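So the sequences go chain by chain: A and B. In case it helps, my numbering puts the first sequence at residues -1 to 365. In case it helps, my numbering puts the second sequence at residues 861 to 1088.
Source of the hints: derived by calculation from the structure; they are not laboratory data. Here the structure is a predicted model, which means the values were calculated and not measured. Just so you know, not all the hints are guaranteed correct.
Stated by the list, open to error - Cut-off 25 Å, straight-line C-alpha distance, at most; resulting in silico cross-link-like pairs (BS3-like, lysine-lysine):
1. B:Lys1087 <-> A:Lys229
2. B:Lys1062 <-> A:Lys182
3. A:Lys302 <-> A:Lys137
4. A:Lys182 <-> A:Lys233
5. A:Lys233 <-> B:Lys1062
As the list claims (entries may be wrong) - Just some of the chain B residues that point at chain A, by a computed CB distance under 7 Å:
6. Gly1045
7. Ser1050
8. Gln1051
9. Arg1054
10. Ala1058
11. Thr1076
12. Gly1079
We put the CB at the ideal spot given by N, CA and C, even for glycine.
Letter by letter, the chains look like this.
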Amino acid sequence: MCNNYKDVIALFLKKISTARQYAYSILLIGGIASACYLFAAYIDYHVVAFILLVAVSFIAMLFEIMPVLVSAILTALTWDFFFIPPFFTLRVEKTEDRILLLTYLLVAIINAVLTYKVRQFEKIARQRSEKASSVKLYKTLLNSLSHELRTPIATIIGATDNLQHSNAKLTPQNRFDLINEISKASFRLNQQVENLLNMSRLESGFLQPKNDWCDVNELVYYVVNTIDDNKVAQKINVNINPEIPLFMLDKGMLEQVIYNLLNNATIYTAPESTIDILARDYAGILQLTIEDNGGGFPEEEIGKVFDKFYRLKDAKAGGTGLGLSIVKGYIEAMGGSVVLENIKPHGARFTLRIPAKTSYLKNLKNE
Amino acid sequence: MNKAEVLIIDDEAQIRKLLEITLESNDYTVNQAATAKEGMVAAASHPPDLIILDLGLPDEDGHSVLIKLREWYTHPIIILSAQSSEDDIIRALDNGANDYLTKPFRTGELVARVRSVLRTRPMQESNPVFRCSTLEIDFSLRTIKKDGELLKLTATEYTLLALFVKNEGKVLTHHYLLKEVWGPGYITQSQYLRVFIAQLRKKIETNPNRPEYIVTESGIGYRFVCKD
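One chain only, chain A, in its complex shape:
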């Protein structure tokens, strides 16, 4: 809760330029002073000092040190000029008032400086906790990567070693198998590197969808064919209305999303499972569902599977926990959403919704 409040203020500060901070401070002070001036007949001018002090404290909570100091001095002058007799002059007659004015100025400035310092400390504390959480993420990354990258590397080194040094002892079948293992390991390694590159692209914050007209039918089949070329055991069915319009979206990103979801489904479901892909146009929203009749996800983990590096508790080897977080990151970068649910009697369904411009160009047929 406390953290939230700090974040809100930090965000607020970031959004408001220094020039605006000065302007808002002066407006606030002017407003409060005017209000006090209207009721000057009813309230003692000493009370006005307290009201102005509250205003300065409020400004100190929100703004940077300089606007706050300026506000402190400005309120002191305003109080002196409009409220301390004699009016409309900076002159103060009573010694008592002079002491009060000086005290006012000191309290306002101390208030400003203290608030500033507290905020500095908070900033340092926040940076520390951010660092701690990034260290934790880094450790998860290292664990996951050292395993997921080293396994294929170990396979490649081991298999090539065997081929180089024990070649005479190997049967042709052995040799064939070893080469096959090298090939599979390289493919897996490439996949992991690809995921890491995609993730870093997302993390960089510069990822901007490059939209272009896109034939959903062509796109989905392109990915399905790529997956099929890897000789997957599961059957993949595509169900798309041939009359679906063209959509204006980032083809590369959507390809990656569908690839990751299909790839996941082929890794984590039994060989005899089937995977269905549906695409529909709902008035400018492209809805894609990818569902399988495998085991589905443990209900209590559904909320976490899109987290970076999150892997199911009983997940088998072969993933980095990046695939689904890339799916979510890409879909959100495209302004869309992704929902995961388990379906009856068993299986998982991912529903993607992406808002996009559409185009029906059926009048071209005779050109």
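Chain B: place on chain A using the hints.
Chain B only, in chain A's frame:
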């Protein structure tokens, strides 16, 4: 027939080795250069039939090497790219590269690309009929047959298909296709291309969802492939 000579400009010794073995076993003669400077000298002193150029060289940006080579070198250039950024590849193709391969690539693919860019076939003059498995195109009669049956193509579909066939095996970017078929004013109107590619596939492909002739080069363009 003389062996075609290929010059490889790549700073990675392993990639050069891999290319050398693959190309030599397919009857090409291979020369190598590890830097842009060496490569330019080698190309100028003994112009090869084909240059394979890596875009990520240590001493000079691959794009500027490509541009300099294209000032005088007219034979094919295939670029290799490790970053596999589509913009990079499109830029290189616009700057005169004939084809591209992204690392990692399959050696079979490499050989197919080398073959197709080295093929110089004045198709229309010598033989107006082009055949590719079940497809038959007669450029003089402007007719297309599939399994011996005449296909009904619209004028635009014919222009598009003819352009593909004349550039068989070569990657054609979206911009290039739009410019050639519809005109320079249409290079951003990619919806035309999408619609006509889908229509053409429905007519010429056995399974339009798993195209064998008009292959998608994701993010770049299309390629007409003839497996014969």
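Would the hint linking Lys233 (chain A) and Lys1062 (chain B) be met if the CA-CA limit is 25 Å?
holds, 24 Å
Between Lys182 (chain A) and Lys233 (chain A), does the CA-CA distance stay at or below 25 Å?
holds, 21 Å
Interface hint check: Arg1054 (chain B), Cβ to nearest Cβ on chain A, cutoff 7 Å. Holds or violated?
holds, 4 Å
Next item in the hint list is Gln1051 (chain B). Is there a CB on chain A closer than 7 Å to its CB?
holds, 4 Å
Minimum beta-carbon distance criterion (7 Å), Gly1045 (chain B) to chain A
violated, 15 Å
Checking hints one by one. Is Ser1050 (chain B) an interface residue toward chain A, by the C-beta closer than 7 Å rule?
Holds. Min distance 5 Å.
Double-check Thr1076 (chain B) for me: the hint is only fine if its C-beta lies closer than 7 Å to a C-beta in chain A.
holds, 5 Å
Would the pair Lys1087 (chain B) and Lys229 (chain A) pass a check requiring their Cα atoms to be no farther apart than 25 Å?
Judged against 25 Å, a Cα distance of about 21 Å means the pair holds.
Under 7 Å is the threshold here; is the Cβ of Gly1079 (chain B) close enough to any Cβ of chain A for the hint to stand?
holds, 5 Å
So if I understand the rule, the pair passes when the alpha-carbon distance is 25 Å or less; does Lys302 (chain A) with Lys137 (chain A) pass?
Holds. Lys302 (chain A) to Lys137 (chain A) sits at ~18 Å (cutoff 25 Å).
Sort out whether Lys182 (chain A) lies within 25 Å of Lys1062 (chain B), counting only the CA atoms.
With Cα atoms ~35 Å apart, Lys1062 (chain B) and Lys182 (chain A) exceed 25 Å; violated.
Interface hint outcome for Ala1058 (chain B) [beta carbon to chain A under 7 Å]
Because about 6 Å separates Ala1058 (chain B) from the closest Cβ in chain A, which is inside the 7 Å limit, the hint holds.
The structure shown violates the earlier hints numbered 2 and 6.
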